[in-house]
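A.B. asks: Sequence:
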Amino acid sequence: MPVRVEISDNEVNRRLTQLTLRANNLKPVFDQFGRYLLGRIRGYFRSETGPDGSPWAPLSPKYKARKIREGRDRGIGRYTLSMFNGLAYNVNGRRLVVGSKQPYAPAFQFGVPRRNQPARSFLGVTDADRDRLSELIADYLSD
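Residue 27 in this note's numbering is what sits at position 21 of the sequence shown, and the numbering runs on without skipping anything.
Honestly, the hints are just simulated from the structure, not real lab data. A portion of the hints provided could be inaccurate.
[Unchecked claim] With a cut-off of at most 27 angstroms between alpha-carbon atoms, the simulated DSS-like pairs for lysine-lysine come out as follows:
| # | residue 1 | residue 2 |
| --- | --- | --- |
| 1 | Lys70 | Lys107 |
| 2 | Lys73 | Lys33 |
| 3 | Lys33 | Lys107 |
[Stated by the list, open to error] With beta-carbon atoms standing in for the labels, derived distance ranges:
| # | residue 1 | residue 2 | range |
| --- | --- | --- | --- |
| 4 | Gly59 | Ala29 | 33 to 41 angstroms |
| 5 | Gly45 | Arg121 | 15 to 23 angstroms |
| 6 | Lys107 | Val131 | 16 to 24 angstroms |
| 7 | Leu44 | Pro124 | 52 to 60 angstroms |
| 8 | Val118 | Arg78 | 30 to 38 angstroms |
| 9 | Glu141 | Arg10 | 29 to 37 angstroms |
Ideal placement from N, C-alpha and C gives every residue a C-beta, glycine not left out.
Using the sequences and the hints given, assemble the complete structure.
C.D. replies: Structure, rendered in C-alpha cells:
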C-alpha cells in the first residue's frame with residue numbers, strides 16, 4: 007500500500023513567510039527569555055547559590071550581626087532589597103540584557119578582593135537554561 011504526501015506550494019510559502027516574520031521579530035520570545043532568566047536569578051538569591059550550584063560565601067560574623075541588630079537579616083544580597091528588587095531585563099532589537107540596575111551589582115557578582123568582598127555569582131546561564139531557552143525559541147518559531 008503506497009503512501010503519498012502532497013504539499014501545496016501555497017502552504018509551504020505561507021509557512022515560510024510566517025517563519026520569516028517571526029524570525030524578524032524576536033521581542034516576544036526575548037521577553038519570555040527575560041522572564042525565565044529573572045526567575046532563575048531570583049532563585050539564586052533565595053537559595054544563596056550561584057548558577058553553577060556553588061553556595062555563596064557566608065557574610066562576615068560582624069556584618070551578619072549588624073544586619074540582625076538592624077532587623078535586616080533577609081539573606082545575602084538583600085540588606086535593603088534594592089538589588090533584588092532592581093533585577094530587570096531589557097529587550098532592544100535583537101539584544102537581551104538581564105541583570106541588576108544597582109551600581110554595586112558588579113562588585114557582588116565578581117567580588118572586590120582589596121575589600122575582602124567575595125564574589126557571589128548570580129548571573130550566568132546553565133546547560134539546563136540553554137535547553138529551556140532553545141525550547142522557547144523552537145516553540146516561538148513553530149507557532
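A.B. asks: Taking the hints in turn, state whether each one holds.
C.D. replies: Going through the hints against the structure:
A distance of roughly 24 angstroms separates the Cα atoms of Lys70 and Lys107; the hinted pair therefore holds under the 27 angstroms criterion. Taking the CA atoms of Lys73 and Lys33, the gap is about 40 angstroms. The hint is violated against a cut of 27 angstroms. Pair hint Lys33 plus Lys107 holds up; C-alpha atoms about 21 angstroms apart against a cutoff of 27 angstroms. For Gly59 paired with Ala29, a C-beta distance near 34 angstroms keeps the hint of 33 to 41 angstroms intact.
A hinted range of 15 to 23 angstroms is violated for the C-beta pair Gly45 and Arg121, which are about 31 angstroms apart. At roughly 20 angstroms, the beta-carbon separation of Lys107 and Val131 lies within the given 16 to 24 angstroms, and the hint holds. Taking the beta carbon of each, Leu44 and Pro124 are about 24 angstroms apart, not inside 52 to 60 angstroms as hinted. At roughly 21 angstroms, the beta carbons of Val118 and Arg78 sit outside the given window of 30 to 38 angstroms.
For the pair Glu141 and Arg10, the beta carbons lie near 33 angstroms from each other, so the given range of 29 to 37 angstroms is met.
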